Every structure is written in C-alpha cells, then in structure tokens.
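*Asks:* One-letter residues, chain by chain:
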Amino acid sequence: GDQVEQSPSALSLHEGTGSALRCNFTTTMRAVQWFQQNSRGSLINLFYLASGTKENGRLKSTFNSKESYSTLHIRDAQLEDSGTYFCAAEAGGNEKITFGAGTKLTIKP
Amino acid sequence: DMKVTQMPRYLIKRMGENVLLECGQDMSHETMYWYRQDPGLGLQLIYISYDVDSNSEGDIPKGYRVSRKKREHFSLILDSAKTNQTSVYFCAVDRGLRAEQFFGPGTRLTVL
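As you go down the protein sequences, you meet chains A and B in turn.
With our numbering, the residue at position 32 of the first sequence is 32, and numbering never jumps.
With our numbering, the residue at position 72 of the second sequence is 72, and numbering never jumps.
Isolated chain A, as found in the complex (with noise of 0.2 Å):
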C-alpha cells in the first residue's frame, strides 16, 4: 500500500491567509522532504528534516517520525505560492524516497 498519505489534494487560499499541509506516513520514516512544483514544472526543495521543525521565511515544517507525519505550514500566502506541493519520505537504508500524491495549493487575490 501506500506508504505517504498527503493531504488535500487541493487547497485554495486567498492572499494573506494560511494554512497547513500534510503528510502521514504507514512505515516509519527516517527523513522528509518537501517541493514546490511551480508552474514551470519545476520542483524546488523547501525543506530536509531528520526532526523537529525547520522555518524559512512564510514556511515552516515539522517532522514527528514517532507520530509518523510531517505538516507544512505556509502563512500570509502570497500569488507565488501556487503550486503543487509534494512530500518524499525515506524509510531508510536504500537512499529511496517514496513521493506523496501532492497537494495542489492555489492562491486567489
């Protein structure tokens, strides 16, 4: 079955609002990741966590690999924010990472 569970599938924000996104993990996970996909296609590393909680800017993500997920928090969202976000979790041992199905964030004026 499916090891990353990502939730919404879709998310619509108006400008200067936020929210969170999330990731649930059936095994557990050694180490996170998460993209942006922009409109280009092209995917952006936003953040590398083994644990606890990373904050860059607007964005902030934290890791429980005990509680098996990790959230992405994006606060007062701004029209460069659209995109689809992706988490990618690594179960260890295989430099493997199992990418979740994204969640498709759109940010209205």
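None of these hints come from the bench; they were simulated from the model.
Computed from a predicted structure; not experimentally measured.
A virtual CB, placed ideally from N, CA and C, is assigned to each residue, including glycine.
There could be a bad hint or two in this list.
[What the hints assert, rightly or not] So the derived list for chain A, only partly shown, Cβ under 10 Å to chain B, looks like this: (1) V4; (2) T28; (3) A31; (4) F35; (5) Q37; (6) G41; (7) S42; (8) N45; (9) Y69; (10) F86; (11) A88; (12) E95; (13) G100; (14) I107; (15) K108.
[Said to hold, decoys possible] Capping the alpha-carbon separation at 25 Å, the derived lysine-lysine pairs in BS3-like fashion look like this: (16) A:K96 with B:K13; (17) B:K3 with B:K62; (18) A:K96 with B:K3; (19) A:K54 with A:K104; (20) B:K3 with B:K82; (21) B:K82 with B:K13; (22) A:K96 with B:K69; (23) B:K62 with B:K82; (24) A:K60 with A:K104; (25) A:K96 with A:K66; (26) A:K66 with A:K54; (27) B:K70 with A:K96; (28) A:K54 with B:K62; (29) B:K69 with B:K3; (30) A:K96 with A:K54.
Knowing the structure of chain A, use the given hints to seat chain B on it.
*Replies:* Frame of chain A, contents of chain B only:
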C-alpha cells in the same frame, strides 16, 4: 548550489523509436535517479544509480534501461518507445550522505 541539467527538454518520438534522455550534474555526487511524473500523480522511481556501472531498479523499471559511465552523467534509454511512456521525466541527484535529492528541470516526452 548544485546544478542538475537535463537534455533535451522536450522530445516527440514515434512508437517503436529509441529514446535517449540525458542527465548531468556539475558536482561528483554518487547517487542519481530517474523518475517519471504523470498527471495527478507524484513522482515514480524508475532507476537508481549508486555510482558508475552500479545501477538498481526502482519501482517501475519495465521498458527502461540506464547507463552511467561517468559519475557526472546518467542516461535513461527507452528501446522501442511505447505510447504509455509519454510522460515528464525527472533526473535527481543525492547531494551527500543523506537522501536529500535535487531535481533537474524535467524532459517532456511524447510518444505518438
């Protein structure tokens, strides 16, 4: 920052033709990957290369093969392309000791 390149960026082929997709990195990292992405799906792993001539199947290797003769270059080959191999193909590089991957810009392949 590391740069991952892919050539070509767009490619149209007919069913049965051979396809060669190239990936390059400007460092000398060991582990490289090929993925495909289809609409509404995340990325699916085709092959991993752990170093020169050290390649391993990913989750969907059927219909593909790879070649890594230099650490900086990793090629994906489709012998006799099929229409269901129409997709966007991404190459990635693992930067170091942990599985943190950096992606190339992608190649959009259409097989008619």
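*Asks:* Now tell me if each hint is right for this structure.
*Replies:* Right, here's what the structure says about each hint:
no. : hint              : result
1   : V4                : holds, 8 Å
2   : T28               : violated, 15 Å
3   : A31               : holds, 6 Å
4   : F35               : holds, 8 Å
5   : Q37               : holds, 9 Å
6   : G41               : holds, 5 Å
7   : S42               : holds, 6 Å
8   : N45               : holds, 6 Å
9   : Y69               : violated, 17 Å
10  : F86               : holds, 6 Å
11  : A88               : holds, 8 Å
12  : E95               : holds, 5 Å
13  : G100              : holds, 6 Å
14  : I107              : violated, 20 Å
15  : K108              : violated, 22 Å
16  : A:K96 with B:K13  : violated, 30 Å
17  : B:K3 with B:K62   : violated, 28 Å
18  : A:K96 with B:K3   : holds, 20 Å
19  : A:K54 with A:K104 : holds, 22 Å
20  : B:K3 with B:K82   : violated, 30 Å
21  : B:K82 with B:K13  : holds, 9 Å
22  : A:K96 with B:K69  : holds, 21 Å
23  : B:K62 with B:K82  : holds, 11 Å
24  : A:K60 with A:K104 : holds, 18 Å
25  : A:K96 with A:K66  : holds, 20 Å
26  : A:K66 with A:K54  : holds, 17 Å
27  : B:K70 with A:K96  : holds, 21 Å
28  : A:K54 with B:K62  : violated, 38 Å
29  : B:K69 with B:K3   : holds, 19 Å
30  : A:K96 with A:K54  : holds, 22 Å
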